[in-house]
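Undergrad: For the record, the sequence lines run as chains B and Z.
Per my numbering: the first sequence ends with 449, consecutive numbering throughout.
Per my numbering: the second sequence ends with 449, consecutive numbering throughout.
Hints in this document: simulated from the structure, not taken from any laboratory.
Don't take each hint at face value.
Simulated coverage check for chain B against chain Z, where a stretch passes if three residues somewhere in it have a Cβ under 8 angstroms from a Cβ of chain Z [as the list claims (entries may be wrong)]: (1) 217-228; (2) 240-252.
Below, simulated DMTMM-like cross-link-like pairs (lysine to aspartate or glutamate); rule was C-alpha separation at most 25 angstroms, straight line [stated by the list, open to error]: (3) Lys283(B) <-> Asp249(B); (4) Lys344(Z) <-> Glu266(B); (5) Lys283(Z) <-> Asp350(B); (6) Lys344(Z) <-> Asp36(B); (7) Lys344(Z) <-> Asp245(Z); (8) Lys344(Z) <-> Glu67(B); (9) Lys344(B) <-> Asp253(Z); (10) Lys344(B) <-> Glu71(Z); (11) Lys344(Z) <-> Glu71(B); (12) Lys344(Z) <-> Asp130(Z); (13) Lys344(Z) <-> Asp69(B); (14) Lys344(Z) <-> Glu269(B); (15) Lys344(B) <-> Asp249(Z); (16) Lys344(Z) <-> Glu252(B); (17) Lys283(Z) <-> Glu257(Z); (18) Lys283(Z) <-> Glu131(Z); (19) Lys344(B) <-> Glu46(Z); (20) Lys344(Z) <-> Glu216(Z); (21) Lys344(Z) <-> Glu7(B); (22) Lys344(Z) <-> Glu43(B); (23) Lys344(B) <-> Glu7(Z); (24) Lys344(Z) <-> Asp70(B); (25) Lys344(Z) <-> Asp274(B); (26) Lys344(Z) <-> Asp253(B); (27) Lys283(Z) <-> Asp45(Z); (28) Lys344(Z) <-> Glu131(B); (29) Lys344(B) <-> Asp70(Z); (30) Lys344(B) <-> Glu254(Z); (31) Lys344(Z) <-> Asp213(Z); (32) Lys344(B) <-> Asp245(Z); (33) Lys344(Z) <-> Glu46(B); (34) Lys344(B) <-> Glu66(Z); (35) Lys283(B) <-> Glu252(B).
Residues from chain Z shown here face chain B by an in silico Cβ test under 7 angstroms; the list is partial [said to hold, decoys possible]: (36) Ala35; (37) Arg158; (38) Ala222; (39) Asp225; (40) Leu248.
Computed from a predicted structure; not experimentally measured.
Built from N, CA and C at the ideal position, the CB exists for glycine as well.
2 protein chains.
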Amino acid sequence: MDRPILEHVLVQLQNALERDDLQGAANIIEAMRPADQADLFAELDEEQQVALLPEMAAGDSADILEELDDEQVAELVAALTTDDIIRIVEEMEPDEAADLLGDISPEQAEAVLRGLEDPDEVRPLLIHPDESAGGLMTTEFLALRRRMTAGEAIEAIRRWQPSEETIYYLFVVDQHGRLSGVANLRQLIVAQPTTLIMDIMDSEVLAVQAGTDQEEAAQILARYDLLALPVVDASRVLLGVITVDDVLDVLEDEATEDIQRMGGAEPLERSYLDTPPAIITRKRIGWLLLLFVGGTLTGSVMRLFEAQLQAVVALAVFIPLLIGTGGNAGSQTIATIIRSLATKDIEPSDAFWVWWHEARVGILLGLGMAVAAFVRAITWDPNPALAVSVSVSILALVFWATSVGSLLPLAAARFGVDPALVSGPLMSTLVDATGLFIYFTIAGIILGL
Amino acid sequence: MDRPILEHVLVQLQNALERDDLQGAANIIEAMRPADQADLFAELDEEQQVALLPEMAAGDSADILEELDDEQVAELVAALTTDDIIRIVEEMEPDEAADLLGDISPEQAEAVLRGLEDPDEVRPLLIHPDESAGGLMTTEFLALRRRMTAGEAIEAIRRWQPSEETIYYLFVVDQHGRLSGVANLRQLIVAQPTTLIMDIMDSEVLAVQAGTDQEEAAQILARYDLLALPVVDASRVLLGVITVDDVLDVLEDEATEDIQRMGGAEPLERSYLDTPPAIITRKRIGWLLLLFVGGTLTGSVMRLFEAQLQAVVALAVFIPLLIGTGGNAGSQTIATIIRSLATKDIEPSDAFWVWWHEARVGILLGLGMAVAAFVRAITWDPNPALAVSVSVSILALVFWATSVGSLLPLAAARFGVDPALVSGPLMSTLVDATGLFIYFTIAGIILGL
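Given the sequences, and given the hints that come with them, work out the whole structure.
TA: This is how it looks when you write it as structure tokens:
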């Protein structure tokens, strides 16, 4: 929904709340789509939110909680009565219910579970870590048997009345519950009613194990253009299904995480303007201090060459330009490498080829920059030896920066560290200090200092 | 598929090709899933690819071409005969066929169109720009009429035999072809066969106009957890349907573009290792030179303050550390802001609130860094006035960097420029020069130079 409309509705909503007309406020929210409901709801202060949640239809409250950030949900739910929570959780998809229960106190979670009509739909999901395929899947699926007919299957679907997301693929299991095929609704309705499922189904079905990282599961679903991906245990028993709408969220979140880490900040848990400055500061200060400590290396290098700097103060003029160019060349490389790793375009084992690729790019870029730097230096200071020093240094620096920029994220990935963590700022800091060393060494030789 | 398996199959494939056994090679590829077929195919050299394409079943060739990058497809197709192209295009989804025809010469495209069985499915798609909702949609959809019964609709689906992606939502139109509702397959099979579609359908259906940017369409589909989004013209006549699998690709590509631009490089058109170093260099050198020119500003600032630098060479020791910290603080901010803009968490009109948020973060971060900088400076050089200069400068610099980092991408978005373009390197270059100015000015006052 467009922002002006949203703001208009928000005013109505605030008016209703000021009149203490909770039912009226609930009606306003209930008339909207879940994503808009959540946006509107997020604009209210916490007191209003807590008052409103029990007033709305449980299905709407459930939809809203499914859209909000985990941290916010935990705070809200802690302020509700157990009965209200049960009423709302009852309306949630099992995977979302499990996420919610994982975020509240174990005692409260246990009390809610005891109150649910069908706790066994949710309980098994609690053992899977949030970030795994098992944590992402829903247990609300219909498994067909191989010896059912198409007619029987359609009858089962009629009786089952499933929610929208889980109907498009129908997974087929054998008598031990092991995944043995997949069919889709269209195949069922096109088939003769007496045809056996095993004659319709496609037995080449992709699945992931419950412990698989959710990002990997998401990549598989995206790569093979699936609408749902079955999750199995070690003996291929069907445990649940990951649907494409959950995968869209995972891929967006992972890209957000990468981009924020590349900027040198820990990802935020909730939306930007809702995160207080103190929390944002906490997410950033650690990195900034660490980089500062790394950056003091540049000071040490400067002090090492202080005598040369005293002799030729003009050397200092080119320092920011040189280390800036090195940092920029490294940033270009690292951004390309990190994204190629994320989309599985390259793998850590390709390190040598990636480096060889970047090395050639680095030499080409370095030659171009060397010409530009020579021209700039000679027009600033008509000292050819200084200009040659700057020019040779920039060539060496760009080559060095592209090498560091290509190998650093690959090394991180190899050791299981998120490559985005070692990117941008960390790389610049490293290239700054080593770049200065390269510059002073080359200048020292050429200028005979 | 795992890389070791892929490499094993690749060896078999290369063996077949060396024996000139094109049919054998085609069989090996045909046995795989489309995404894997494309990976395998991409490992062959162009000559082998051109030889193999006409040998494979047209459906498999079509699947492979749909997965490859546009530029690669254009090169391959230019080497095929028109008859072969027609045979392959015939098997493509209309949206993919239109993309392909848009990438080859207009004469060749016209010849192919003339040879198609149903050119009218593809021709209207050619007028929509690649990056718009109209360019992303497929025209292969089944529109139901409001006065059909559920039974008639199912019969229509049986006769139609649609491809998998387009069946899950069935859009309903009035007698003028205007979108009036949506139903899903499950609703049809659950309903009594004599029920009218207009009594089943949901008339609140989200749609986008054909000219909408594809990223915006993708965000709407993702936000409302849809599997398909209808595309309409100005009078709400249904033109086509965007499916979730295409949206996944768009969102991935947009994140890739953002990340590469944040690193200061134009996005690559094909996969990393397939892009020759000369092309990568071309994508980067423009930015690097532009930033170099911007970076020479730092040199000008240095020259402006050369007398002070002569007087206190120790000032130079802190330059890389100070501008590095400013750049890091700015990077942290800009990464958060760009991503929040991309996920519609904030909008350009929120500029003041975002700046106010960052200003507070900047002061908190700046105070923390000021303490660290004072401690570091005083242990390096027991000159309290110098340490205070460095400490005050870093506070001012961090505050300044967070302000620039928050306002720069918002201003870009306001003027319709991709915020990722002004991020990372451009921001650092700007903060470098202004940061030096701040440092020398503050130091000049405190040290009385």
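Undergrad: For every hint, state whether the structure bears it out.
TA: Structure-based check of each hint:
Look at the segment 217-228 of chain B against chain Z: 5 of its residues bring a Cβ nearer than 8 angstroms to a Cβ of that chain, three or more, so the hint holds. Only residues whose beta carbon comes within less than 8 angstroms of a beta carbon in chain Z count, and the segment 240-252 of chain B has 7; three or more means the coverage holds. Pair hint Lys283(B) plus Asp249(B) holds up; C-alpha atoms about 22 angstroms apart against a cutoff of 25 angstroms. Between Lys344(Z) and Glu266(B) the alpha-carbon distance is near 20 angstroms, which keeps this suggested pair within the 25 angstroms criterion.
Only pairs whose Cα atoms come within 25 angstroms are accepted, and Lys283(Z) paired with Asp350(B) is accepted, the gap being roughly 22 angstroms. For the given pair, Lys344(Z) sits about 13 angstroms from Asp36(B) by alpha-carbon distance, which is consistent with the 25 angstroms threshold. Proximity of Lys344(Z) to Asp245(Z) is assessed by CA-CA distance (about 21 angstroms); at most 25 angstroms being required, the pair is judged to hold. Proposed proximity of Lys344(Z) and Glu67(B) is supported: the alpha carbons are some 15 angstroms apart, at most 25 angstroms.
Between the alpha carbons of Lys344(B) and Asp253(Z) the distance comes to roughly 13 angstroms, so the proposed pair stays at or under 25 angstroms and holds. With a CA separation close to 20 angstroms, the supplied pair Lys344(B) and Glu71(Z) stays within the 25 angstroms bound. Taken as a hint, the Lys344(Z) and Glu71(B) pair is honoured in the structure, with Cα atoms around 20 angstroms apart against an allowance of 25 angstroms. Taken as a hint, the Lys344(Z) and Asp130(Z) pair is honoured in the structure, with Cα atoms around 23 angstroms apart against an allowance of 25 angstroms.
Between Lys344(Z) and Asp69(B) the alpha-carbon distance is near 15 angstroms, which keeps this suggested pair within the 25 angstroms criterion. Annotation: proposed proximity of Lys344(Z) to Glu269(B) holds, straight-line Cα distance about 16 angstroms (limit 25 angstroms). With a C-alpha separation of about 14 angstroms, the suggested pair Lys344(B) and Asp249(Z) falls inside the 25 angstroms cut-off, and the hint holds. Taking the CA atoms of Lys344(Z) and Glu252(B), the gap is near 12 angstroms; set against the 25 angstroms cutoff, the hint holds.
Of the pairs offered as hints, the one joining Lys283(Z) and Glu257(Z) holds, with about 13 angstroms between alpha carbons and a cut-off of 25 angstroms not exceeded. Taken as a hint, the Lys283(Z) and Glu131(Z) pair is honoured in the structure, with Cα atoms around 21 angstroms apart against an allowance of 25 angstroms. The suggested pairing of Lys344(B) with Glu46(Z) holds, with an alpha-carbon distance near 22 angstroms, which does not exceed 25 angstroms. Restraint check: the Cα-Cα separation between Lys344(Z) and Glu216(Z) comes to about 10 angstroms, which is no more than 25 angstroms; the hinted pair holds.
Our distance criterion of 25 angstroms between C-alpha atoms is met by Lys344(Z) and Glu7(B), whose separation comes to about 15 angstroms. Using a Cα cut-off of 25 angstroms, the hinted pair Lys344(Z) and Glu43(B) holds, with the two alpha carbons roughly 15 angstroms apart. Of the supplied pair hints, the one linking Lys344(B) and Glu7(Z) holds, its CA atoms being roughly 15 angstroms apart against a limit of 25 angstroms. At roughly 19 angstroms between alpha-carbon atoms, Lys344(Z) and Asp70(B) fall within 25 angstroms of each other, so this suggested pair holds.
At roughly 14 angstroms between alpha-carbon atoms, Lys344(Z) and Asp274(B) fall within 25 angstroms of each other, so this suggested pair holds. For a cut-off of 25 angstroms, the pair hint linking Lys344(Z) to Asp253(B) stands: about 13 angstroms separates their Cα positions. Among the hinted pairs, Lys283(Z) with Asp45(Z) is consistent with the structure: their alpha-carbon atoms are about 24 angstroms apart, no more than 25 angstroms. In summary, the hint linking Lys344(Z) to Glu131(B) is supported, as the alpha carbons are separated by about 24 angstroms, within the 25 angstroms threshold.
Taking the CA atoms of Lys344(B) and Asp70(Z), the gap is near 19 angstroms; set against the 25 angstroms cutoff, the hint holds. Proximity of Lys344(B) to Glu254(Z) is assessed by CA-CA distance (about 16 angstroms); at most 25 angstroms being required, the pair is judged to hold. A C-alpha spacing of about 14 angstroms is found between Lys344(Z) and Asp213(Z), which places the hinted pair at or below 25 angstroms, so the restraint holds. Taking the CA atoms of Lys344(B) and Asp245(Z), the gap is near 18 angstroms; set against the 25 angstroms cutoff, the hint holds.
Between Lys344(Z) and Glu46(B), the direct Cα distance comes to roughly 22 angstroms. Compliance with the 25 angstroms bound is thereby established for this hinted pair. Annotation: proposed proximity of Lys344(B) to Glu66(Z) holds, straight-line Cα distance about 18 angstroms (limit 25 angstroms). For the given pair, Lys283(B) sits about 20 angstroms from Glu252(B) by alpha-carbon distance, which is consistent with the 25 angstroms threshold. The interface hint given for Ala35(Z) is met, as the beta carbon of that residue sits about 5 angstroms from the closest beta carbon of chain B, less than 7 angstroms.
The beta carbon of Arg158(Z) is positioned within 7 angstroms of a beta carbon in chain B (closest approach about 5 angstroms), and the interface hint is therefore held. A least Cβ separation of about 5 angstroms between Ala222(Z) and chain B falls short of the 7 angstroms threshold, and the interface hint therefore holds. Because the closest C-beta pair between Asp225(Z) and chain B is about 4 angstroms apart, less than 7 angstroms, the hint holds. Here the hint on Leu248(Z) is kept, as its CB sits about 5 angstroms from the closest CB of chain B, short of 7 angstroms.
In this structure, none of the earlier numbered hints is contradicted; all agree with it.
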